[in-house]
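Engineer: Numbering of the sequence shown is given in this note's numbering, commencing with residue 43 and proceeding in unit increments.
Since the hints were derived computationally from the structure, they do not count as laboratory data.
One or more hints might be untrue.
[What the hints assert, rightly or not] List of simulated lysine-lysine pairs, DSS-like, C-alpha gap at most 25 Å:
| hint | residue 1 | residue 2 |
| --- | --- | --- |
| 1 | K428 | K449 |
| 2 | K506 | K485 |
| 3 | K607 | K574 |
| 4 | K361 | K451 |
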Amino acid sequence: MSKLITLLCLFSMLFSSYATAAEPVTEFPYSENFDTTEEEYIPAGWAVEGSTPFAVYPAFDWYGVQAQSGANALVSGYPQTGNRTDVAFSPMFEMKAGVKYTMTVWVMMKNTAQNGRNPGMKITVGTAQTSDAQTTELATDEGECDWKEVTVTFTPETDGQYCFGLWCNSILSSAGDVFFDTFSVSAEESAPEVTEVELPYSESFDTTAEMEMPSGWAVEGATPFAVYPTSDWYGVQAQSGANALVSGYPQGSNRADVAFSPMFEMKGGVEYTMSVWVMMKNMAQNGRMPSMKITAGLAQVADAQIIELASEEGECDWKEVKVKYTPETDGQYCFGLWCTSVLATAGDVYFDTFSVSESNSGEEPAWKAEIPYVETYDDASHYSGKEYLPIGWASTGETPWVTAAIKDKPALSGEYYMVAQSSVLPNRNDIAYSPMLDMKGGKTYTVSMYLYMPGTGSVDPSFKLTAGNGQEVDAQTVTLKQITETAVKDWTKVEADFTPAEDGQYCFAMYACSASAGDGNIAVDNFSVREKDDVLPPTALFYVGNTLNSILYSGSIVFDGQNIKMINMSTDATSYKWTVDNDAVISDDEAAEPEITFPKAGTYTITLQATNEGGTTECQQIFSADIYSLDYDIEDALMTTSESIDRIFQQGDTPAYNEDGEVKDLDTYELYYDFVVGVNPYYRSIAERFELPSDVSLEISSLSVMTNMYSLFINDRGDGTPNDKEKTYRVVIYPDNDGTPDTANVMATKSDKLINTFGSAGYYSPVRQSITFDEPVKVKGTFYVAFEFDELDLYDETDGRNYRSWIGFDTRCHANKQTTLYVKPEKALPGSDYSVDGKWCKADDFCPSLAGYSFCVMPWVKFYKNETTSIEGVESGDVKLEISADGNNYRVSGLSDGTDVRVYSVSGVQVFAGKAFGGEVIIPADSWNKGIYVINAGGNSVKVLK
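Hey, can you work out the whole structure from these sequences and the hints?
Structural biologist: In structure tokens form, the structure reads like this:
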């Protein structure tokens, strides 16, 4: 019956999309992210067609995958039939003839059945919201893929209304789902006519439309040059950006195809420098050689190009070619970039990053690399705004290095670092060259950097560091470091010495050189070069210590008066200086890891300056605190990690131990089953620590937990062979005892069979469970939530079976590396010297690779209002300060009669003055504003938080 209702809803939605025609969109740009559309419907103005039509769904709730933006995505319908022609039509757009429109949409295709069948999609455009009217195909793709951006262009021949079609066209049934998200359409504005070109001049070709030429340029030849997105068209990477200038097709013989630069006003007798990057490739591998030349002349015609400046034959990767040209007389001149291949099918000639300037113009770049040199990839003054790497750097290869940041991997310092994305090709050779640096012969220099290359579940990456006298492979003659087929799971320092033989300019090259495809991202941060005996400034880095985080209110919970420790991860520093705004108080602003008290809810800027004899560097963190003063009961749901800065492992990357006891945290799905946060051969009891001030009380009513991976081995043969059908687990709430669970004073226990809570079937996507206690569990101060399992059937693969039990929970990792996951080991890891004693320990004490790990179990709690019946005492010397728990009265005792007692706000305003009588003084504070105050009495000072 429910399926019938769903079908009726879909038919109703289909009918309504054609029943009334929506007004066409007349203003651009237009965008739709599907997040305001009701579940199982489509946005206003959209329409669908097909036997199992598209609709909007919250992707994670329905399919266990993340939308590209927000929560919702547009998803192909169910069931997944064969020869699908299901299409979602965008709104109708009013478009003008001859105007180029750009449509962008993100697409993902997934087949969770893993049956070898490929989902397919295409994108079309037409004059109506019907499949027959979609006459122009703009893009098509087949096979599973993660979210990727697809951009197409369309230029209508006549004015009118047009719409785009987003199709699922899978051929086979059960081939999976097609997801679309973040759809947009924009109209190209008419570019103004370029009347003159001034020097210096540069052109990257990245703002030029596909198959066009930049303004002022011209072409000549039988198969002329044009601008193309090279990765899409040719499967190679542009030298910078996405586009390059490429020789035309077909590849004829005796070619004389030429692209002319704009005409430049030049002065007679003045030397000019023209620079361009060139690459020549023959994909046919037929032994025929592509060739190019560079010329200068008086006009944009071949016959006027009378001066040959450079020529070359044979395949080559991207390399820079610089030529000099000095005209004899004042006038207008241009340069010619030629394809001159003699034989047919000899390959393609690519040009990129073209520039012209006076050779001795006196114009120096705003910044130039010099030794000592430090590159953090965050300083905007190190970038020209035209390239993806700092000034002076170069990158070559199919998947070049760029300045970026990987999701869930913070920079070592700042926000960005240098990344070479995972290669789709084997035997990669993607190289980043440092700037050319002046060095003295016989002097030793130290090059240093931090490397991160975690690899994937199936491929371990390779990296190489070399030195040489040029930014090209042949000039890199000295190998300094080589890391072969070894994953580097976190930022790791790589350092080497280099001693040039003679004075000159040298550079360093960083190679992403994995033998296998799919090697994962490779990243470099904090690159530096110095004379060996020099001291570089330290690397400043810190994080705020762990706090509880509210699921309901999406903030960091700080309790009134709670001190939060700073976690200092700086390197090579000898001293520190801390500052914080908004009246927050630092316990010791020169300590390595001080505590900070935050007086009120809000956002705080915390700054650390780290210093050594080489200088000072700075790190800044923004911390948003929600202060719980507990003036009343508060109901909340808690977790120990931050969703904004801490790493959240997706289902396919759920960390697990391999057969050697090593932790794998990439592409573990259906490869590893001994999950770190779950049951494995080393332990079957896990716990998460929830740290609270000792005077904070609460009750726990229930727990939420996300189970990423689960399967239960059920064997009903009854022959005594393993069977986990009746196995149980228990949830235990422990108090804290000196930093570990206090097993002698259990607060609560709840037991059940695994099959009752987690089910009897395996999971293809994460499933959230809720566990409710029979009675709320009363807790005061720090506590632990533990899951303890019966011994499960974790079979040895040598016994011939291909099925077993496994369970792996939502796993996270704190950016500050402060571990909150606890385990109770029963067996040590292979090669480990850990001594198993049957006690709980922090996970990283058992396995150092688990530093910062967290078990994301979420207690639903009610914090109790603070009572006002107790007195808290603070002693300073002979003086004792007692504070009522409601904070409205202070009593200072241990004073001589007549002793002056004064109270000042943090801004220096006196708010109380009195004298001791009978050895004490009572200070009324009920009228004070919340904040920090200093009580001075008998030569002692005490800070209090109201």
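Engineer: Compare the structure with the hints numbered earlier in the document and write down the numbers of the violated ones, lowest to highest.
Structural biologist: 3, 4
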